[in-house]
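Participant: Sequence:
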Amino acid sequence: MIKQVLIGIICGAAVLTAGILIGHFGITKSSSSAPSWVTDVTKDVDESLIEKFLSEVDNIQIQENLRELTKVPHMATTKGDEQTVQLMLKRWQDPETGLDKAWREEYLVYLSFPDPKNPNKVTVVNQSDIPYAAYSPAGHPKGKLVYANQGKPSDYQLLNQKVDLRGTIAITRYGGAGRGAKAINAAPYGVIGVLVYTDPLDINDGLMSDTNETYPHSWYLPPSGVERGSFNGQYGDMLTPYLAAKDDTYRIPVENITGIPPIPIQPIGYEDAYILICALGGEAAPESWQGAFNCTYNFGGPGFKPTSAFADSDVKLDIFNSGSLKNSSNVMGVIRGSVEPDRYVIYGNHRDSWVHGAIDPSSGTSVMLELTRVLGRMVKQGKWRPRRSIIFGSWGAEEFGLIGSAEYTEQYFAKLSERTVAYINVDIAVFANATLRASGMPSVQDVIFTAAKQVAAPGLDSTSVYDNWIRYSNRTSPNNGIIPKLGFLTGAGSDYAAFVHYLGITSMDISYTYDRSKTNARIYPAYHTAYDTFEYASKFIDPGFLSHQAIARTAGNVLIRLADSLVLPLKCSDYAETLDEYLNTAVSLYENQLKDREISMEPLKHAVASFRSAAAHLDHVIRTSDLRNETPLQVRKINDQLMLLDRAFLDPLAFPDKYAYRHVIWASSSAGKATFPGLADAYANAELSNDSQDWEKVHYHLSVLSQAIEGAAQTLQDVI
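Just so we're aligned, residue 254 is where the sequence shown starts under the working numbering, counting upward by one.
If you're looking for bench data, these hints aren't it; they were derived computationally from the structure.
None of these values were measured; they are calculated from a predicted model.
Here a beta-carbon is modelled for each residue, glycine too, at the ideal position from N, C-alpha and C.
Incorrect hints may have been included.
Unchecked claim - Now the in silico label distances, taken between C-beta atoms and shown as ranges:
#1 Asp571 x Ser591: 51 to 61 Å
#2 Ser566 x Lys343: 53 to 63 Å
#3 Lys706 x Thr502: 38 to 48 Å
#4 Ser945 x His859: 20 to 30 Å
#5 Lys415 x Asn547: 17 to 27 Å
#6 Asp768 x Lys343: 31 to 41 Å
#7 Asn547 x Lys354: 26 to 36 Å
#8 Asp353 x Ser945: 38 to 48 Å
#9 Asn773 x Gly712: 17 to 27 Å
#10 Thr729 x His393: 52 to 62 Å
#11 Asn371 x Asp768: 41 to 51 Å
#12 Thr502 x Val972: 37 to 47 Å
#13 Ser866 x Lys792: 48 to 58 Å
#14 Gly712 x Ser566: 45 to 55 Å
Using the sequences and the accompanying hints, generate a full structural model.
Facilitator: Laid out in structure tokens, this is it:
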């Protein structure tokens with residue numbers, strides 16, 4: 254009897270133990286008995302929420318945002334700028350549609366302004382807003398006029414062979430070289446002043462009559478239009494390099510500023526440029542230098558033709574610009590993440606403009622305000638909260654050199670470096686209404702494609718933004734077939750610069766643009782002029798604001814996916830494909846001559862192969878793993894590998910002559926080759942000089958590249 258009791262007890266215990274084990278390991282993480290945090294940490298992007306977001310983005314709201322933003326000119330630090338600061342704060346602090354928190358962040362920055370009592374003079378300008386070149390030095394140079402095309406180094410080199418440039422004033426066209434570079438390139442030849450204008454060939458498809466061909470009859474720039482801009486060749490506050498420009502920050506002496514024109518420079522309209530250029534004497538300039546004016550563009554004698562009304566006359570520039578310290582504000586807003594609040598997705602655009610700025614930047618700001626209205630209301634109503642934190646930035650003083658965003662990255666360098674997942678830039682949201690245009694790191698390609706496929710193309714309800722985009726701009730990918738062509742963020746054209754080049758944060762820039770088969774305009778014609786108004790935008794750029802709506806939907810879709818996806822929607826194999834393309838170009842252009850100098854490209858080939866293998870492996874792990882049923886730490890590990898990839902390409906010593914450029918793949922380049930920038934520039938310089946030390950620099954950049962790419966590959970491999 255006792256034996257039977259013992260056997261029964263043992264059997265019962267075994268059954269109980271088995272039941273406990275089955276209960277413990279058999280219950281799924283979605284079981285109601287599981288802790289609530291299990292459901293939270295495994296949640297993924299909600300497609301129904303994205304559909305709701307897309308349906309609530311309102312084109313009329315965007316239109317009214319733009320109307321409000323463009324009521325007054327809002328150049329950085331002016332009263333108009335302060336009005337837009339208050340508007341952003343009011344919207345983002347709204348109790349029904351606002352964000353969790355919004356505030357202003359102030360910086361004391363060095364800006365350049367004309368003297369309102371002594372306007373800059375080259376020609377008579379009947380406008381209250383004085384055209385000027387920000388950061389042009391003051392001065393009153395007087396000399397014979399010459400025509401220097403686009404002011405590139407090669408242009409001045411050729412011109413100097415034809416004309417003695419010492420003591421001359423050069424007139425140049427926009428394009429080909431940066432604004433300030435037109436004067437920087439001129440100074441070594443003895444040029445003492447520079448004029449810059451927008452040629453109708455480059456912006457108006459050659460049209461220039463104000464009676465029926467230009468605004469207000471079309472989108473083309475009228476003859477009196479003057480394109481403004483910053484002539485600062487660097488980005489960020491000029492007196493506080495690598496430091497946030499706070500009141501008590503150390504400032505370098507003004508005379509130590511670099512990257513600005515050494516001689517006075519002034520923008521003019523093409524109606525004045527026409528008179529000056531058509532009166533120039535001397536030899537005819539090359540065909541590639543000719544523009545839209547109905548005259549031959551000559552080099553200049555120097556000076557004017559003896560038969561012209563200006564014979565023997567000089568051109569004089571009276572420039573009264575001066576620099577001063579001004580308080581500039583970023584407006585910041587945040588939606589706090591529910592699961593990973595220490596991971597940030599940042600969405601930004603600058604707020605300041607040169608005049609009314611309807612397209613640049615207010616098209617982007619009007620889209621951002623609509624995006625935050627829709628998302629903010631979802632949060633306030635308790636319908637949604639992102640997995641990761643979303644930070645919105647309305648940057649100040651961008652037009653003077655990307656100052657607001659650069660100061661933000663300098664102030665929060667450590668935090669942003671460690672925690673930022675991605676940066677989305679929407680500056681000029683709508684250049685025109687034909688097709689999407691997107692640029693970014695290759696790893697963001699897939700998430701942009703996914704978002705674009707879910708948005709209807711404006712005016713083409715049966716066609717997606719993706720399908721419309723692929724018709725206008727496409728390429729053949731070895732891995733993906735025919736796909737839309739994604740551009741790269743290789744320079745400092747907008748506020749993505751500090752995030753890409755200084756912090757190494759995965760970034761993108763999204764906009765709608767024009768059909769480039771129908772116009773040769775380098776940008777929308779009213780760019781940076783007084784004609785960039787609400788009327789211009791609503792009549793010629795995007796009637797009905799449906800392209801603005803499409804950008805809000807596309808960029809917002811990307812934002813939600815980056816903020817909510819369990820695994821970050823970044824694809825490393827797309828990055829590997831681009832590195833392969835860069836490598837193939839470099840080998841084709843450089844390998845034979847480098848072999849003659851006993852410089853091998855094999856380490857670079859090996860590094861790219863290593864990266865390709867590591868990227869394919871990580872993509873395979875993500876694709877084949879059931880990460881919802883993995884530990885949160887496994888998901889976090891993979892996300893950190895994806896998030897930190899671009900940091901691995903940073904080298905603070907790679908470009909000592911380029912301020913705040915540290916990314917060895919995407920740094921700016923003057924070589925004009927679709928390959929690694931440091932290598933391309935070093936090779937071009939060595940080929941020109943044929944100096945042994947310059948060839949040593951080529952070898953150095955090969956090593957920098959090889960080790961950076963190899964190091965990036967190591968970050969994608971399994972953890973040791």
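Participant: Evaluate each hint against the coordinates.
Facilitator: Now for the hints, and whether the structure bears them out:
1. Separation of Asp571 from Ser591 is about 60 Å and conforms to the stated range, judged on CB atoms against 51 to 61 Å.
2. Checked against the hint of 53 to 63 Å, the C-beta distance between Ser566 and Lys343 comes to roughly 54 Å, which is consistent with it.
3. Restraint check, Lys706 to Thr502: a C-beta distance of roughly 46 Å satisfies the suggested window 38 to 48 Å.
4. A C-beta distance of roughly 26 Å is found between Ser945 and His859, which places it inside the suggested range of 20 to 30 Å.
5. Distance hint check for Lys415 and Asn547: the Cβ-Cβ separation is about 23 Å, which falls inside the suggested range of 17 to 27 Å.
6. At about 38 Å, the beta-carbon gap between Asp768 and Lys343 stays in the expected band of 31 to 41 Å.
7. The given range of 26 to 36 Å is broken by Asn547 and Lys354, whose C-beta atoms sit roughly 59 Å from each other.
8. In this structure the hint that Asp353 and Ser945 lie 38 to 48 Å apart at CB is violated, the actual value being about 60 Å.
9. A C-beta distance of roughly 24 Å is found between Asn773 and Gly712, which places it inside the suggested range of 17 to 27 Å.
10. At about 56 Å, the CB distance of Thr729 to His393 agrees with the hint of 52 to 62 Å.
11. A hinted range of 41 to 51 Å for the beta carbons of Asn371 and Asp768 is consistent with their spacing of about 44 Å.
12. Range check, Thr502 to Val972: Cβ separation about 39 Å, and the 37 to 47 Å hint holds.
13. Taken as a hint, the range 48 to 58 Å holds for the pair Ser866 and Lys792, whose Cβ atoms sit roughly 54 Å apart.
14. Between Gly712 and Ser566 the beta carbon distance is about 53 Å. The supplied range of 45 to 55 Å therefore holds.
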